[in-house]
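Trainee: Here the protein sequences come in this chain order: P and D.
Here the numbering used here is used: the first residue of the first sequence is 1, the next is one more, and so on.
Here the numbering used here is used: the first residue of the second sequence is 1, the next is one more, and so on.
Keep in mind that a hint or two might mislead.
What the hints assert, rightly or not - Taking lysine-lysine pairs in the DSBU-like style, the calculated list, with each CA pair at most 30 Å apart, reads:
| # | chain 1 | residue 1 | chain 2 | residue 2 |
| --- | --- | --- | --- | --- |
| 1 | D | K66 | P | K458 |
| 2 | D | K143 | P | K410 |
| 3 | P | K443 | D | K64 |
| 4 | P | K458 | D | K43 |
| 5 | P | K454 | D | K66 |
| 6 | D | K43 | P | K451 |
| 7 | P | K443 | D | K110 |
| 8 | P | K443 | D | K66 |
| 9 | P | K451 | D | K143 |
| 10 | P | K434 | D | K64 |
| 11 | D | K143 | P | K434 |
| 12 | D | K143 | P | K454 |
Unchecked claim - One side only, chain D facing chain P, incomplete, derived with CB under 10 Å:
| # | residue |
| --- | --- |
| 13 | W37 |
| 14 | V72 |
| 15 | Q74 |
| 16 | E78 |
| 17 | G177 |
| 18 | K178 |
Said to hold, decoys possible - Just a sample of chain P residues kept apart from chain D, beta carbon distances all over 12 Å, derived:
| # | residue |
| --- | --- |
| 19 | M231 |
| 20 | E247 |
| 21 | V442 |
| 22 | D445 |
| 23 | A446 |
| 24 | N448 |
No lab work stands behind these hints, which were simulated from the structure alone.
Using N, Cα and C, we set each Cβ at its ideal position, and we do this for glycine too.
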Amino acid sequence: MKKRMKIVAGILLAGMIPAASAAASAEETSYTYNYDYWGDVQYSPDLYTVSKVFTSTELGLDVKMNNPGGLYVYNDLIYICDCGNNRIIELKRNSPEDLEVVRIIDSFEGVKEKNTFSNPTDIAISEEGCMFIADQGNARILKLDKDLNYLMQFDKPVDNTLDPAVAFQPKKIVIDTADRVYCIATGINKGLIKYEADGTFSGFVGATKVTYDWMDYIWKRLATQEQRAQMESFVPTEYDNIYMDYEGFIYAVTGAVTGADLRSGAADAVRKLNLMGNDILVRNGEWGMYGDLYVNGSGGGYEGPSYFTDVTVMEDDIFVCLDKNRGRLFGYDDQGRMVFAFGGNGNMDGYFRRPEAVEHIGHELYVLDAQDCAITTFVPTEFGNLVYSAVDLFDQGKYKESGETWEKVKAQNGNYDLAYIGIGRALLRQKQYKEAMEYFEVKYDAENYSKAYKQYRKQWVEDHIVWIIVVLLAVFLIPMLIGKIRSLKHEIDTDEFFELQKQNQN
Amino acid sequence: MIAAQTKTNTNHPRLRRYLDSLKFGLYCMTHPLDGFWDLTHEKRGTMAAANTILILALLVRILKLKYTSFIVMQVYWEDLNLFLYLASVLLPLGLWVIGNWGLTTLFDGKGRLGQVYMATCYALLPYPLIQFPLMILSNGFTKDEMDFYSVLSVLSLVYAVVLIIAAMGQIHEYGVGKNLLFTVATLFSMLVMIFLLMIFFSMVSQGVAYFISLGRELLFRM
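Work out the full structure: start from the sequences and follow the hints.
Mentor: In structure tokens, the structure reads:
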């Protein structure tokens, strides 16, 4: 009976295999991918799947969204800056499939005039619930309480390096736990504008590195004063967006850099700034954190490197950058290794036309598309959840469980470098050095391999110390003994006593 | 019975000479001036030993791909062509030998083509002798300790280059100045040969392409 079952199952399987392989070959490229050690594209199972796309209609808005630009998450509330309609929409997330409009903020109390917004580009909310709104058209950053009463405003910084004739255009803001405001303003490239909680301007932080071409530099050297004035000057690039993570570090992204600068490391697409404005992002990955590695040519009409327009940082230090050039999302872990890349330009769900902002709640991702005027919600798949739980377990110090979870990840995607390195790191923490070394070697992780090997070598020497000493002694003593015996023999052979004896015998 | 006897008799001295000449490579390594003079003038070197050293060098180069620690050598196996990989040694070697002989023979160099080849191969000996143990040792190092590896690795190449230059001076009976001058001139002649080869191949391929297209055209018209 059992045998017959097997045969039936075999026939069934045989029937299914061609069908399955035909389905697999029909899809040539995968939605999600990653780069391996060599920088080759490795297709991957999806880490995220679209839960729902919310347009103005789905949200039940009377006035359709017009060029929305900013997205902010505060607990389970999502704020959309509807720049074109001069309003901010507050949504409540009941579930990824259910976003509900709570209120529409288009004016506030407490001042007589100018109590509406003009092109509000960003919003941030403090722990007490005070709203900070970048009111770009009115050249101010507003601070309102949670019932929309005016508290104060931040104006153009008083600094003699800024041209007084140029209007102040705050673009993106973040606030820290002490209500200090960090702001990106259009046309100001000295870094982030930092205000104290009382509204005083306290300086610029974290300007990007200045990059220049050697040829331009030589030309500039040769040029006269007048010619030089006409040339483009070497200035830092402006940031495109900032995000304050749960630890108070500011992640800043910029897209206005060239592919050559990104590849050579002269410019960064994403930086992590500490309070001093220094970049402290860990870059242990094999490849730079600038999205797509291969951008030569103009495939599909998109040229140039990935243009990071927004970034969001999850609680496990995995951060997701949004590329508005090709409509893709790139996730990186705390070591700077790529976790995933997915997306594209198009009209289907999960593809974008002009994505502007990304936010997260837990591990869900919310992407705002300015041209489609829609929010796409992404939820992690089973595979995505496995990856996240492996990372989280490792962070919690549960190395054994983390290793086991990475094994499951590897079973689903054998081309995933992070899984091998994850297993290796888990084994390393469990002091299984030899096994760990094998996993690191497979994925060419020299740094971690050396860590494991150092311990393994130490252990090996300690275990075999007796034999090592015996061998060393043997190497030194045996030749010495042989020499000694030979000289002794020589002495005996040539000794007068024996010579005499020989003579006597003769 | 007699045949076997004569065979061992004739084989034995040849084998002995071969082994002696192979061992003489070590003497050349440590006493380059004296060694390379005797190599040709005293006929201490043999072609068989020179070929052996070259084959050893190539063998070590191939073994290194697989057995060197991945920390210093990562091999993209998908793109590896073993013949091209070996050609990266053999082609410069061939160009060097021909270029050097071609030049020095015009400027009273005493070495013949075979002798230039033999001396150059003998001078390659440090490469297998240093690289092989280093390959095994590299697996015992961590990333921070790999400086040791890279220093020795570079040393083996520098050693070989120094030996080649010394060898050329001795077999052609050149002084130091003339020797260095002809080393540079040989390098230049190698570039010229590469240039000519490239022109030759592109001309030939264009010529062939012309006749192929002509033939196609004819077939279409007929």
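Trainee: Does the alpha-carbon distance linking P:K434 and D:K64 stay inside the 30 Å limit?
Mentor: holds (23 Å)
Trainee: Below or equal to 30 Å on CA atoms is what counts here, so check D:K143 against P:K410.
Mentor: holds (27 Å)
Trainee: Is D:K66 close enough to P:K458, meaning Cα to Cα at most 30 Å?
Mentor: Since the Cα atoms of D:K66 and P:K458 sit roughly 25 Å apart, the hinted pair holds (cutoff 30 Å).
Trainee: Does the claim that P:N448 lies off the interface hold, with its Cβ farther than 12 Å from every Cβ of chain D?
Mentor: At roughly 10 Å from the nearest Cβ of chain D, P:N448 sits no farther out than 12 Å, so the non-interface label is violated.
Trainee: A closest beta-carbon separation below 10 Å is what the hint needs, so does D:K178 meet it against chain P?
Mentor: violated (40 Å)
Trainee: Checking a non-interface call: every C-beta of chain D should be farther than 12 Å from the C-beta of P:D445. Is that right?
Mentor: violated (9 Å)
Trainee: For P:K443 and D:K110, compute the direct alpha-carbon distance and say whether it is at most 30 Å.
Mentor: Roughly 54 Å separates the two Cα atoms, so the pair is violated.
Trainee: Has the given pair, D:K143 with P:K434, been kept, meaning a C-alpha gap of at most 30 Å?
Mentor: holds (16 Å)
Trainee: Holds or violated: P:K443 and D:K66, Cα atoms, limit 30 Å.
Mentor: holds (15 Å)
Trainee: Is P:K443 within 30 Å of D:K64, Cα to Cα?
Mentor: The given pair, whose Cα atoms are some 19 Å apart, holds under the 30 Å limit.
Trainee: So, as I understand it, the hint says D:G177 touches chain P; can you test that by seeing if any CB pair is closer than 10 Å?
Mentor: Where the cut-off is 10 Å and the nearest Cβ of chain P is about 38 Å from D:G177, the hint is violated.
Trainee: Hint D:V72 vs chain P: min CB-CB distance below 10 Å?
Mentor: Status holds, d = 9 Å.
In summary, the structure is inconsistent with hints 4, 6, 7, 13, 17, 18, 21, 22, 23 and 24 from the numbered list given earlier, while agreeing with the others.
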